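> The residues making up each chain are set out below.
Number of protein chains: 2
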Amino acid sequence: MAKNLIIGQSGGPTAVINSSLAGAIEYGLQSDAIGNIYGMINGIEGLLEENIISLSAMFRSMPHELNRLKHSPAMFLGSCRYKLSGDREEFNRIFEILEMYEIGYFVYIGGNDSMDTVKKLSDYAKKKNIDVKITGIPKTIDNDLVGIDHSPGFGSAAKYIATCVREVAFDTSIYSIKSVHIIEAMGRDAGWLTASSVLARQDDMPAPHLVYLPEVPFSVENFVEDVKKKLEEYNSVIVVVSEGVKDKDGNYISAAQDSGADKFGHARLSGTGAYLKAVVEKEIGCKVRALEPSVLQRSAGHIVSLCDVNEAFNLGSVAVRAAEEGQTGVFSTLRRTSNKPYCVEYSTEDVAKVANQEKTVPREWINERGNDVTEEMVTYLKPLIRGVAQTPFRGGLPDYIDIRHLDVRNQRYKD
Amino acid sequence: MAKNLIIGQSGGPTAVINSSLAGAIEYGLQSDAIGNIYGMINGIEGLLEENIISLSAMFRSMPHELNRLKHSPAMFLGSCRYKLSGDREEFNRIFEILEMYEIGYFVYIGGNDSMDTVKKLSDYAKKKNIDVKITGIPKTIDNDLVGIDHSPGFGSAAKYIATCVREVAFDTSIYSIKSVHIIEAMGRDAGWLTASSVLARQDDMPAPHLVYLPEVPFSVENFVEDVKKKLEEYNSVIVVVSEGVKDKDGNYISAAQDSGADKFGHARLSGTGAYLKAVVEKEIGCKVRALEPSVLQRSAGHIVSLCDVNEAFNLGSVAVRAAEEGQTGVFSTLRRTSNKPYCVEYSTEDVAKVANQEKTVPREWINERGNDVTEEMVTYLKPLIRGVAQTPFRGGLPDYIDIRHLDVRNQRYKD
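These protein sequence lines map, in sequence, to chains A and B.
Residue 256 in our numbering sits at position 265 of the first sequence, and the numbers go up by one each step.
Residue 197 in our numbering sits at position 206 of the second sequence, and the numbers go up by one each step.
Careful, some of the hints might be misleading.
When chains are identical, the list treats them as one kind, so a pair holds in a single copy or across two.
Straight-line C-alpha distance at most 25 Å; calculated DSS-like pairs for lysine-lysine [said to hold, decoys possible]:
no. : residue 1 : residue 2
1   : K350      : K74
2   : K169      : K74
3   : K118      : K331
4   : K278      : K74
5   : K350      : K219
6   : K169      : K219
7   : K118      : K344
8   : K74       : K118
These are computed hints drawn from the structure, not numbers from a lab.
No experiment lies behind these values; they were computed from the predicted model shown.
Just chain A, with the same shape it has in the complex (with noise of 0.2 Å):
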């Protein structure tokens, strides 16, 4: 007997979050063994006050809205960033909803935190016998997630950062006078993203001239130096930093300037550019400028990655029929098999092993004096910012679908 599916969306936004929400609607809507599909409005905090919606019957009435949901940024679902506290009510909450609606398949789109919940929640169900299987599919722009070769919604921040230096760098090619531009990448802990802004050196394009990733400890000192090395031999020089560059001791550089923590306890990062920038001013006294894409490198839908949108779409599909064949406690993930062509397999992954874990840019990935990457990272990185999806556009602007306009948000209901 068919059993019904509940996806939700948690933590911070990517460019292909919602690629993953289709790919998992489409394979539940084609599943004998899936009944209805609901969504939780914000995640497990909206699970919890039962703020749930039937995309089944949405997208069922508009199957063409699956393509515009495949190709918007964010999260159609909205989000959270809660916390299981790991006390009896909650689950007991939590499985009393899920039985309410008659759900054999629970499915979590998320990165380190998300998985937790996927762990905490499968592992529950286990112990007390309870038939509802619970997978996850993982998103991150950090690429920090283990267990998978790449994460979905890197390739898109990387292909929007790299496109970024390249448009800087045609910017300040025009004028021959001396110039520093610094653009802050995210990426708390690693390097990825950072790292992937050296796809911009198509060509002869020497752009960006110097990378600093946070895996290596960063020395003001070095920088200068780099940097007035490189004016020597180029009039406009590009630098990308992380966010999270961090001194010998460990201290954030933009520490200084920013002292607050969010709820998890990361440090709230902002302002390295900018702090470097005046470093520059002071230092070298050339023409500089700072710039941070913010939150624009996370949500750019309308320069997303076709490889990254397609194996989003994929690795959706593949949790949901993971839960289906009865697997729980797993993530749906990819491993690369090929470079030449460019080649992946997916298939799943218990949780247990990418939970609360971080992949950082191993340090033979980065070149000695810390200013740049090696071959190997290039190699692993370009195929990943590879093909352009097509957004819709409407009336000269991209197309997204919002739940807003689709007149259901807070509406619950059932088929």
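Please arrange chain B on chain A, whose structure you already have, making use of the hints.
Positioned in the frame of chain A, the structure of chain B alone reads:
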């Protein structure tokens, strides 16, 4: 007998200056009256140094590259900010070089200052009976040129800003906590680009919730009141503010930052957005982010307006045709003849009417409170961002043309 054409680019970059260059070259290649087509490297400054290349040689042998040029941002020929001194020796030197290269047609692409150059050179040529026809092609993202319905370059920057607002709005919509995002748009004295952010309001999207143009004196007190009021209605409030807003005494709001800044940038803020971020933090205390798209808004060739690209291309050919027909001291312009459907008519206009003037936003196109624009503004703006241009991609990134890859920079040659 055919005479030669020389083209230069000057001032700050836009995403479609090269579209105008492509239009000028294409027209020139097909004209019987025009022999060789030369390009000045770095505008009039390069001309004075005889830093000149042959565009006809280049593009006759690579005709497909003209399409790539049409879709590449910044300036293929490089730029300058050279102001003619007006002394006789300088004029003599310029016309001596033009004579050496048998130039009959001189076309200059640029903004206000460049049109001043066109005016001075054409006045001099007329006075001295020198048979060189000198015309201009307008450009600026600020849309502050007079004598034209709207400036080429503006529509693409407007599309970029509106897209940013949409993507930030999607990014912030996923949480149910209170937040304010402040996006700082370019345009020191004219608020057209800031105003164009309202195009993001497709369907029911309320973002941007508040829009502040430099044409209206800015009050920090009113701003705080406006934001507070919007926060009562919306979780996430998005503000777009011109970099050039000034208080009632004409002082830039961003100037307030300079007081109290310590040596190494610790408390130093870099702009209007950053300053207002600090104001919201202090006066309201919710989550705030300041975003400054900076040079990306003028150089984002990957998301240009098709309308803008085509108009820039056409204005390029119109300026060459005008010179060929014997006009001088004019620039190519367009007049909107209809809004539904959107139609324009191309012609020329006396440069004397545009040089050293500035078209700001009429007060009646801004609402009374000074925190939004009127319907007239929206009607004016809407057609300008329409259409998606076919930016060529390679390896997952925009495949812009770069004169350095064509291996001709610093090579001076004739066909």
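> Each hint needs a verdict: does it hold in this structure or not?
Verification of the hints:
Taking the shortest Cα distances, K350 and K74 sit within 25 Å of each other inside one copy (21 Å), while across copies they are farther apart (54 Å). Proximity of K169 and K74 under a CA criterion of 25 Å is satisfied inter-copy only: 20 Å between copies versus 49 Å inside one chain copy. In this assembly of identical chains, K118 and K331 lie within 25 Å of each other by CA distance neither inside one copy nor across copies; the values are 45 Å within and 66 Å between. For the identical chains of this complex, K278 and K74 are inter-copy neighbours only, at 20 Å across copies versus 45 Å inside a copy, given an alpha-carbon limit of 25 Å.
Proximity of K350 to K219 under the C-alpha cut-off of 25 Å is found in neither arrangement, the shortest distances being 33 Å within a copy and 41 Å between copies. Proximity of K169 and K219 under a CA criterion of 25 Å is satisfied intra-copy only: 11 Å inside one chain copy versus 43 Å between copies. For the homomeric pair K118 and K344, the shortest alpha-carbon distance inside one copy (19 Å) is at most 25 Å, but the shortest distance between copies (82 Å) is not. In the homo-oligomer, the alpha carbons of K74 and K118 lie at most 25 Å apart inside one protomer (20 Å), although the nearest pairing across protomers, at 79 Å, exceeds that limit.
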